[in-house]
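Using our numbering, the first residue of the sequence shown is number 3, and each one after it goes up by one.
Hints were generated in silico from the structure; no laboratory data involved. No experiment lies behind these values; they were computed from the predicted model shown. Keep in mind that the hints are not guaranteed to be accurate.
[As the list claims (entries may be wrong)] In silico lysine-lysine, BS3-like type, Cα no more than 27 Å apart, as pairs: (1) K168 - K62; (2) K290 - K180; (3) K73 - K194; (4) K75 - K278; (5) K199 - K75; (6) K243 - K168; (7) K243 - K73; (8) K56 - K180; (9) K243 - K199; (10) K199 - K56.
[As the list claims (entries may be wrong)] What follows is a list of derived Cβ distance ranges for each label pair: (11) T22 - Y204: 36 to 46 Å; (12) V54 - K194: 33 to 43 Å; (13) D198 - N270: 29 to 39 Å; (14) R32 - G218: 47 to 57 Å; (15) K278 - M299: 51 to 61 Å; (16) K21 - S69: 17 to 27 Å; (17) N249 - P174: 13 to 23 Å; (18) N270 - V77: 15 to 25 Å; (19) N249 - E159: 47 to 57 Å; (20) K193 - P87: 20 to 30 Å; (21) N238 - N270: 28 to 38 Å; (22) R32 - L257: 22 to 32 Å; (23) R118 - P203: 50 to 60 Å; (24) T22 - S69: 54 to 64 Å.
Where is the CB? At the ideal position from N, CA and C, for every residue including glycine.
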Amino acid sequence: LQGDMSGWGGFFVSLLNYKTEKYVIAENRRIGILFRLYQLAVLGYIIGWVFVVKKGYQEKDEAVQTSVITKVKGVSLINSSQTGPYLWSAEDYVIPPNGEQVFFIVTNYIETPNQRLGFCAEVSVHQNHIFCLCLNSTGTCEIYAWCPVEHSKRPTEAENFTIYIKNFIRFPKFEFSKSNVLETSDDSYLKKCSYDKENHPYCPIFRLRDLVRNTGNDFQDMAAKGGSVGILIEWNCDLDKDSSECNPRYSFTRLDMNLNSSITSGYNFRHARYYKDEKGETYRTLYKVYGIRFDIMINGQAGKFNIVPTIIAIGSGVGAFVCDMILLYMMNTSSFYRERKFEIINFKYDALYHTKTKLLENSRNISNDEQFSRQMWSFCTKWQSSGILGEKERRTMRLTGRGVWSCSDAAMYRSVLRKR
3 LQGDMSGWGG FFVSLLNYKT EKYVIAENRR IGILFRLYQL AVLGYIIGWV FVVKKGYQEK
63 DEAVQTSVIT KVKGVSLINS SQTGPYLWSA EDYVIPPNGE QVFFIVTNYI ETPNQRLGFC
123 AEVSVHQNHI FCLCLNSTGT CEIYAWCPVE HSKRPTEAEN FTIYIKNFIR FPKFEFSKSN
183 VLETSDDSYL KKCSYDKENH PYCPIFRLRD LVRNTGNDFQ DMAAKGGSVG ILIEWNCDLD
243 KDSSECNPRY SFTRLDMNLN SSITSGYNFR HARYYKDEKG ETYRTLYKVY GIRFDIMING
303 QAGKFNIVPT IIAIGSGVGA FVCDMILLYM MNTSSFYRER KFEIINFKYD ALYHTKTKLL
363 ENSRNISNDE QFSRQMWSFC TKWQSSGILG EKERRTMRLT GRGVWSCSDA AMYRSVLRKR
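Can you build the whole structure from these sequences, using the hints too?
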């Protein structure tokens, strides 16, 4: 029982020991340079990419909560030979008119008022060679349909319509809320600003022509057949800085397939308004509208300093590194630990050591000093010419197999032999 207790005691005491690796230092410059380059690359990655670019020291929140309110302004006067002058306002050309995240602006339309069921001339000639009653007045077939047929019109001032986008975001993890409306003391700023990437990057009012141009398209081309445009509002907020530096960035792209002569590009639909005359007969006004559909998409993330991701980004090895620094440089016995932790290996010096050992073993079998001095001198000159054995080592290196011999002793003995 006592042995078991002492065993458990030794086990718990051993838990308090600090285990560290022993390093063998190979004095090889090529490997050393390669290793340092690798270390610099890792250090550059950690500092440059993890900390500076990706801000790995921050806790992230990508669950952005968002709300969007839109308001379109602008009027356009249309003068039609069929219906006379008509003033279009936002209530007429914005669908739906209540300002949502996805909305449609009419840029071209075909209005056909007072349509009644009956016989009338169709607009274009049939190309499939079917039999029909050809009307000389129009050169087209007579058809039974809602008459008269459609004719195209376009709101000429549509390119100057403005869109006011009000976006509210919230990052729940940090209890942080913000709006895309610029915080300014100038109350008239929103009345006179218009979004411009260089001069007014934070103005939430967009001119329709400029918005389409930012997608790389011409407004008049898109207005004729319609299209779909995506407005991306991106929030990347560094909450370690002041909240005034958390501002949105806008980007614009055309979402529908803009292919030449493609049926997939463009955007249009029809709708009708029905009425009854004094006789109770039904008639309608048909609208085929072309326009631009806008999809507002919100994306964002916020980051704030937190010690936990900082430690994770640095790595668990920082604990062992700190303990080693204390052990090797901050204790009274640091020099002792350093001698034990590092072992230096040099290939040339190891070869010198083995040659010296071999010479020492041979010295026991050499009967006279003359023969030994020659071997000793050969040993010294060989390693001196290689640059390993300097003048200091020549004087201090000793072989004790035949008393005390040094390279200097061998040189002196050799010169004495030459004088004989």
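Evaluation of the provided hints:
1. K168 - K62: holds (25 Å)
2. K290 - K180: With Cα atoms ~40 Å apart, K290 and K180 exceed 27 Å; violated.
3. K73 - K194: The hint holds at about 16 Å.
4. K75 - K278: With a Cα-Cα distance of about 33 Å, the restraint between K75 and K278 is violated, given a limit of 27 Å.
5. K199 - K75: Holds - the C-alpha atoms of K75 and K199 are around 21 Å apart, at most 27 Å.
6. K243 - K168: Holds - the C-alpha atoms of K168 and K243 are around 23 Å apart, at most 27 Å.
7. K243 - K73: Violated. K243 to K73 sits at ~32 Å, over the 27 Å cutoff.
8. K56 - K180: Roughly 22 Å between the alpha carbons, so the hint for K56 and K180 holds.
9. K243 - K199: holds (23 Å)
10. K199 - K56: holds (25 Å)
11. T22 - Y204: 36 to 46 Å: Since the Cβ atoms of T22 and Y204 sit about 55 Å apart, the hinted range of 36 to 46 Å is violated.
12. V54 - K194: 33 to 43 Å: holds (38 Å)
13. D198 - N270: 29 to 39 Å: Because 31 Å falls inside the window, the suggested range holds.
14. R32 - G218: 47 to 57 Å: holds (53 Å)
15. K278 - M299: 51 to 61 Å: violated (44 Å)
16. K21 - S69: 17 to 27 Å: violated (56 Å)
17. N249 - P174: 13 to 23 Å: Once the Cβ atoms are compared, 20 Å apart, the range 13 to 23 Å for P174 and N249 holds.
18. N270 - V77: 15 to 25 Å: holds (22 Å)
19. N249 - E159: 47 to 57 Å: Since the Cβ atoms of N249 and E159 sit about 31 Å apart, the hinted range of 47 to 57 Å is violated.
20. K193 - P87: 20 to 30 Å: holds (29 Å)
21. N238 - N270: 28 to 38 Å: Given about 37 Å between the Cβ atoms, the range holds.
22. R32 - L257: 22 to 32 Å: The hint (22 to 32 Å, Cβ to Cβ) is violated, given that R32 and L257 are roughly 56 Å apart.
23. R118 - P203: 50 to 60 Å: Hint holds: Cβ distance 54 Å, inside 50 to 60 Å.
24. T22 - S69: 54 to 64 Å: holds (56 Å)
Comparing the model with each earlier hint shows violations of hints 2, 4, 7, 11, 15, 16, 19, 22; every other hint is respected.
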